[in-house]
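Student: With the sequences and hints as input, model every part of the structure.
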Amino acid sequence: DGGITQSPKYLFRKEGQNVTLSCEQNLNHDAMYWYRQDPGQGLRLIYYSQIVNDFQKGDIAEGYSVSREKKESFPLTVTSAQKNPTAFYLCASSPDRGSSYEQYFGPGTRLTVT
Amino acid sequence: QKEVEQNSGPLSVPEGAIASLNCTYSDRGSQSFFWYRQYSGKSPELIMFIYSNGDKEDGRFTAQLNKASQYVSLLIRDSQPSDSATYLCAVRHAARQLTFGSGTQLTVLP
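Top line first, the protein sequences correspond to chains A and B. Sequential numbering from 1 applies to the first sequence in the numbering used here. Sequential numbering from 1001 applies to the second sequence in the numbering used here.
Do not take every clue at face value.
Unchecked claim - DSS-like, lysine-lysine: derived pairs with alpha carbons at most 30 Å apart: (1) 1067/B / 14/A; (2) 1067/B / 83/A; (3) 1056/B / 1067/B; (4) 14/A / 57/A; (5) 1056/B / 1042/B; (6) 70/A / 9/A; (7) 57/A / 1042/B; (8) 57/A / 9/A; (9) 71/A / 1042/B; (10) 71/A / 57/A; (11) 1067/B / 57/A; (12) 1042/B / 9/A; (13) 9/A / 71/A; (14) 70/A / 1042/B; (15) 83/A / 57/A; (16) 83/A / 14/A; (17) 57/A / 70/A; (18) 83/A / 9/A.
As the list claims (entries may be wrong) - Reference excerpt, derived from the structure (chain A facing chain B, CB under 7 Å, subset only): (19) 11; (20) 19; (21) 41; (22) 42; (23) 81; (24) 101; (25) 102; (26) 105; (27) 107.
As the list claims (entries may be wrong) - Which bits of chain B does chain A cover? Going by a derived footprint, with three or more residues having C-beta under 8 Å, they are: (28) 1045 to 1059; (29) 1101 to 1108.
Hints in this document: simulated from the structure, not taken from any laboratory. Think of the CB as a built atom: it goes at the ideal place given N, C-alpha and C, for glycine as much as any other residue.
Tutor: Shown next, in the form of structure tokens:
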């Protein structure tokens, strides 16, 4: 059963704590992405990785960090430096070949920081 | 600044009608165009993608692309209440990243 999994579905943290969101895919996709979605808004790119051990900042990388030690995994850490971390976090992957590079999304993690 | 614009809606259509969703983009170098459906509280689901001018049909859905005018649209024929969702337009640039619009909320009235 191929797909993208994210855990946990809901996450609650106190302000000042770092938190790591999990993303795993078994689609054999090369590229993986992290997005953030705020209510009533589109998706904004945080970080992306097109190959193991390499990743690039997206449009809103400040206060976040990632790693890509395995092709299947792309965890996102929301650090205490992120000023407004409460949001819906979406992980996506893409085969990164062909002409379309379509992205497929995991179910998301809803993070609430108080 | 690469931008993707969508009318936020809400757009309401009666059941059985055609729903027309529109998207414009600013970067003439954009190469592929995607429509995602997002139900409330859920993650986006890919409906269609298109990268050549013209129409692309898949069941009740038709994507239309006009690169000269920099717009892409999604038509949903025989709209059903289950089509009620937010529809996100996304555009891929040469760097292979996607820029998303803020979405159009569609309501299909029974």
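Student: Starting from the hint list further up, note which numbers the structure goes against and sort them upward.
Tutor: 1, 2, 19, 20 and 23
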